[in-house]
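Input sequences plus hints: build the corresponding full structure.
Spelled out from the first residue to the last, the chains are:
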Amino acid sequence: MVLLIDSINAIRDFLDTGGQVLLVIGVLIFAMWLLILERFIYFFKGFRSYKQNVKAQWKNRAERNSWNAEQIRQAMISRAGMRLNTNLALINVMVALCPLLGLLGTVTGMIEVFDVMAITGTGSARSMASGVSKATIPTMAGMVGALSGVFASTFLQRRAKREVELLEDNMVLDH
Amino acid sequence: MKLFTQMTKVALFAASLSFVGTSVAAEPMDLDSLLKTLEEGKSAQSVQNKQREQEFAARQNEQVQMLKNTQAKRNQMLVESERLETQFEENEIKLANLTDTLSKRMGSLKELFGVLQQVAGDSSNKFATSVVSAEIAGRSTFMDELAQKMGSTSKLASIEDIEKVWFELQREMTEQGKVSRFNTDVIVQGGEKAQQEVVRVGAFNLISNGKYLEFNPVTNTLSELNRQPVARFTATADELQNTKNGVVQFALDPTGGSILGLLVQAPDTQERVHQGGTVGYVILGVGVIALLISFERFFSLMVMGGKIRRQLKDDVARDDNPLGRVMKVKDQFPDVAHDTLELKLSEAILREMPKVTRNLTLIKIISVVAPLLGLLGTVTGMINTFQAITLFGTGDPKLMAGGISQALVTTVLGLVVAIPTVFLYTLLNTRAKNILLTIQEQSAGIIAQRSEKGA
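Just so you know, the sequences run in chain order A and B. Numbering-wise (our numbering), the first sequence opens with residue 1 and increments by one. Numbering-wise (our numbering), the second sequence opens with residue 1 and increments by one.
The hints are simulated quantities; they were obtained by calculation from the structure and are not laboratory data. Mixed in with the good hints there might be a few duds.
[Unchecked claim] Computed cross-link-like contacts, PhoX-like style, restricted to lysine-lysine with a CA-CA straight-line distance of at most 25 angstroms:
id, chain 1, residue 1, chain 2, residue 2
1, A, K59, B, K313
2, B, K344, B, K355
3, B, K149, B, K164
4, B, K313, A, K55
5, B, K149, B, K126
6, B, K211, B, K193
7, B, K433, A, K161
8, B, K328, B, K313
9, B, K110, B, K155
10, B, K328, B, K344
11, A, K51, B, K433
12, A, K59, A, K161
13, A, K45, A, K161
14, B, K178, B, K164
15, A, K51, B, K313
Right, here's the structure in full:
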């Protein structure tokens, strides 16, 4: 219990030194990783059974040669692709937004520094320090978020593309 | 004698003047009678002069007597002055001896008084700014007086004074460790005075009614800070005031109010937005437009998606959604070949496309333009700053602050508009793309499935 309170206080202090932008970045990174994890689970669990199902449906067709069959195959593959690509664009955008939010934090922090300078002059480095920490911590957090997300999102995109290709290869037309 | 001749001359002149005067007034006389008159006058004057001479001679004795008297007085004064001078010298020697004795007798006490003066001066300053003075007033005046008294050479501090300095220092120390309550006048927001219960936390903070107070040492008044810290800090202040005993968490300003003082001077969000100037308002306007378009798109795409999902489950093609309209092509041309059907389908899809992707490009453009506008604001702000530098030099950072805050605020506004717009654009674009994919790739598939079922 004490450990929990301590860690909550530590997080609160960290958010205080980083300012409001840090909170937004935190929420964004959290949402991004939730989506990424959901995708991972779907790729390795849910999609497998769906793939088997689609393949079986195709195999069980009486004829796989006519115009109708080709259109139906296309629709099946496109449906699978849509399932695979759900939220991937969103994850990508979130990764791209992380450094932008970091920049936002930098600028708001600099504004605070200049405010302090306008009030107290350049003499007091101590009163400028809070603005400087608000400028640097969100930048760092944005970088961390973007770097952690960029690998996951690239992996997911390549995986989705490959799965669609594999599906296309597996569902052959009879000639 | 010289004086005398002069006087006669003057008298002569006066007589001639009077003669001229009468000659003008009376009838003109001939020159002989004038001569006669002059002669008579001369004889009359010489009689008068003789008489005067006698008078002066008689007075001479008197003058001699007066001179003698005055000389005697002077001699007396000289003697007196000599006496006083010797006494002054004697006194001087006596004074020097006494001062010597004084400094000898004071010895190490002299250092003590020096220290006392210094301590009194220091603590006078400290007491004036300490928040403890809000509760116990008038301490710094005593210290001030004592410091002045010690500064003059002729006065010494009494034991009572020394003990009072000790007492005041001890009291300040004791009060620093206390949380105390007292009633006093507080200037509340709006400038009115009100009698309130004030809680003093050591020498650090003053709070009243859950609000932090500011102590003004010049006017010796308490006033509410017109900008309070965030709610979770003022909540602890409230808690502290309401508790009667026990331990309470409290947010303390260890600098004794200077951090809280900075809080008052920092501008709030609204003032900040105004600092952005014209460019800032333009960015905000563009952002509002993007937001409105996004909402309109969001709802229409949602409705469209719902109708398409219903259409996917339903076999009968409906007119109220894009997929239904494309599927109707099959019903319109029941007997055409596959190739022709495909062409007709893609034609119908092309017709639906603009309805789905309407305005999305505009949102994308705004998401790109907003940071660019921010950059524009940054540059204009920097121009202002450099103009200020040209006019006033770099000496005063306060003069440059306006331009710099404009530069930074517009950048912030650009990012604040761009970030959600990019987000919304992606969201809407994915939706629109999914709808198009459904129409493009599935309409043919659905038609194929249905024709198989029918066959």
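* If any of the earlier hints don't hold here, list their numbers in rising order. => none
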